[in-house]
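There are 2 protein chains.
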Amino acid sequence: MNELLEKAERLKTAAHTLAMLSTEEKNAALEQIAQAIDRERAVILAANENDMAAGRAQGLSPALLDRLQLTNERIDQIIGGVRQVASLPDPVGEIVAEWTRPNGLRIQTVRVPLGVIGMVYEARPNVTVDAASLCLKTGNAVLLRGSSSALHSNKALVAVMKEALRTTAIPETAIELLEDTSRETAQRMFRLNDYLDVLIPRGGAGLIRSVVENATVPVLETGVGNCHIFIDESAERSMAVDIVVNAKLQRPSVCNAVETVLIHEQWPHAGELLEALHARGVELRGDRRLAAMHPFVNEATEEDWHTEYLAPILAVKLVADVDEAIEHIRRYGTKHSEAIITENEAHVRRFFQAVDAAVLYHNASTRFTDGEQFGYGAEIGISTQKLHARGPMGLVAITTTKSLVYGTGQIRTV
Amino acid sequence: MNELLEKAERLKTAAHTLAMLSTEEKNAALEQIAQAIDRERAVILAANENDMAAGRAQGLSPALLDRLQLTNERIDQIIGGVRQVASLPDPVGEIVAEWTRPNGLRIQTVRVPLGVIGMVYEARPNVTVDAASLCLKTGNAVLLRGSSSALHSNKALVAVMKEALRTTAIPETAIELLEDTSRETAQRMFRLNDYLDVLIPRGGAGLIRSVVENATVPVLETGVGNCHIFIDESAERSMAVDIVVNAKLQRPSVCNAVETVLIHEQWPHAGELLEALHARGVELRGDRRLAAMHPFVNEATEEDWHTEYLAPILAVKLVADVDEAIEHIRRYGTKHSEAIITENEAHVRRFFQAVDAAVLYHNASTRFTDGEQFGYGAEIGISTQKLHARGPMGLVAITTTKSLVYGTGQIRTV
Chain W
1 MNELLEKAER LKTAAHTLAM LSTEEKNAAL EQIAQAIDRE RAVILAANEN
51 DMAAGRAQGL SPALLDRLQL TNERIDQIIG GVRQVASLPD PVGEIVAEWT
101 RPNGLRIQTV RVPLGVIGMV YEARPNVTVD AASLCLKTGN AVLLRGSSSA
151 LHSNKALVAV MKEALRTTAI PETAIELLED TSRETAQRMF RLNDYLDVLI
201 PRGGAGLIRS VVENATVPVL ETGVGNCHIF IDESAERSMA VDIVVNAKLQ
251 RPSVCNAVET VLIHEQWPHA GELLEALHAR GVELRGDRRL AAMHPFVNEA
301 TEEDWHTEYL APILAVKLVA DVDEAIEHIR RYGTKHSEAI ITENEAHVRR
351 FFQAVDAAVL YHNASTRFTD GEQFGYGAEI GISTQKLHAR GPMGLVAITT
401 TKSLVYGTGQ IRTV
Chain X
1 MNELLEKAER LKTAAHTLAM LSTEEKNAAL EQIAQAIDRE RAVILAANEN
51 DMAAGRAQGL SPALLDRLQL TNERIDQIIG GVRQVASLPD PVGEIVAEWT
101 RPNGLRIQTV RVPLGVIGMV YEARPNVTVD AASLCLKTGN AVLLRGSSSA
151 LHSNKALVAV MKEALRTTAI PETAIELLED TSRETAQRMF RLNDYLDVLI
201 PRGGAGLIRS VVENATVPVL ETGVGNCHIF IDESAERSMA VDIVVNAKLQ
251 RPSVCNAVET VLIHEQWPHA GELLEALHAR GVELRGDRRL AAMHPFVNEA
301 TEEDWHTEYL APILAVKLVA DVDEAIEHIR RYGTKHSEAI ITENEAHVRR
351 FFQAVDAAVL YHNASTRFTD GEQFGYGAEI GISTQKLHAR GPMGLVAITT
401 TKSLVYGTGQ IRTV
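Protein chains in written order, with full-length UniProt numbering: chain W, 1 to 414; chain X, 1 to 414.
Calculated directly from the structure, the hints in this document are not laboratory data.
One copy or two, it doesn't matter: identical chains are merged, so the pair holds either way.
Derived DMTMM-like pairs: lysine to aspartate or glutamate, alpha-carbon spacing no greater than 25 angstroms straight-line: (1) Lys12 to Glu308; (2) Lys12 to Glu302; (3) Lys155 to Glu49; (4) Lys12 to Glu303; (5) Lys162 to Glu31; (6) Lys12 to Glu94; (7) Lys162 to Glu172; (8) Lys12 to Glu327; (9) Lys12 to Glu324; (10) Lys12 to Asp321; (11) Lys12 to Asp323; (12) Lys162 to Glu6.
Model, not experiment: these values are computed from the prediction.
Using the sequences provided together with the hints, build the complete structure.
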């Protein structure tokens, strides 16, 4: 019952210390964490085997068991991830803006940690270390709330990280795992505004919805991507085929994969495109005209236009022009990533102005909506909200600013 | 029952049009609004008199009636406000960042409207026009939810604004007033994530808390300011007195007024400061030592350190050093505005690094935490949250960004 409050209190105190540390001190601590995980592989793998055994006994699906499993190779990846975060530039301390007012007040806006971050996630134990290293790098303390199925693994990983921190400038209380994984305690955590500065849910749509609907603590929301590609009349054939194949098949299970392709009815290569997709095993669901023209295209239902398949299934539709494409995207899109393939610059401008989404593409795959691909180094997630951060979120997304005002005795007269 | 959804739907459609408009089109529409309010004074004042009569009959307090009342002079101020917003630079369209990736993708992050803003406010009818003009200037549609006590005034103002928009590029459906002011409908509005991009509560602490606790739509939170001034050992006497008197008395009812002064126990001028405050009618509540030393200082209770008086009352406390001051502020502060008066640069650095607040001051009054004083022109409010915007919020705070990616056929291979 009091685990939550006790840990939250410790984190809040630790956050004060963390905010004062230099980049070198934080990086040195991350290196200690990397080394400790390397050294304690046996302990971590044994704890994970406990979770795996319990998971098998409970009949978890093979997909879920796969996410839960740690291996030596996955531990190598985790260690590599920690070192990569250590190598990134530290956003904290950056002077974001600086100006002087007519009364002589000099105002400096500087980047600082958010404070205490609540991370809510599902079965993958690698998120435990990934989230902790991103938070510590940016001077944030972190409350980790993983799933009960990964509790042994998470406890082992957090114990190893805490042990590693003992010889560093970061207090070990900067990372706390919520071992009580009950729904009630999670709900209390989501409303712990006096202690948590932000909640970051990482996982499926259900998890994210639950956090958004129940939280009073501000949420950094990541979410569904029902992404579209519009192929305009002037689109180059091979470019269009390559981009659609890439956006659908390079990794179908992720949020920046394409789910619906809108094809200008005058584009002469629709048949070739659909055949290319069909030949690669994509299940096609089309509007009435496309279904009538191509035996391997099934007729789509209204539901299809709304669906984020996350699978090798693609909805396809003929549209009269760029405006009909825009209308369709406004109606069914989730404001994640939307692309236009065209040689018509006026249509690019219109599409870019009229479509409201985190990322818009001209002649490129939607798969680039990603922190690494944007050049941010690490990725916290892809924000589908409009406040604070939109699109791929790097380290800057888990910082805030404060304004420092330097005076010489100024008082306000109006 | 369906008023909320119908208006939300209209606003969403209007937002698409608004996002495409030029700065000139938006400014011209604001000028039409200013002129229409000027022209329709009699109608507006008559509607306001309805609210005033009902308010008097219901026994509203004089303070509340004063907030509710419109006069010719207040209408002048409203019109002036609209024209001032029109004259400000338009943040929409600004290119925030632009870079090229090794694969040739050119990424541009541009500033765009948020979409539809839900404004929740109390009795002052001037907020109706103020909020509408800020939203329209930044290309946002706005759902206005004022209080029932101002309903006639708000209806008249919105009708005049809508009428004015008919001859402009902004659709009149870009401003909608929620006439159903029931609590139930407000609660539904706070959870209208499919239509509203953000909620902005403007009013007292109770209103803000109700929005934060019940909303699933993201909130731009403004809030309480329990602000401190720490007077260090080396503080100049007259500077310290001037700043404290200004921060407490220049306008005691606002969130950036000082509520507690922490005095270094070796500062030689504490007595003079307290006498100066007492002479100006400030009620002083001090720790045991100060209360024992000065007959006009009453002993403070624990409650006093927590209280945002918003009145000519001040809590005062002796502290041993800058670290005790920092500790006190961490415990009782609300992360709004905190000041240090000192000639010791090392203490400034320590205070600025250790205190977590939106705005920190060295040798200046806390009263400068304000959009106009920061040079932002208009002010949406003062954010006490850490996400999205912190401290004074100008027009930029009601915008977001989107990333435009220009390719030449790039696909993702890893």
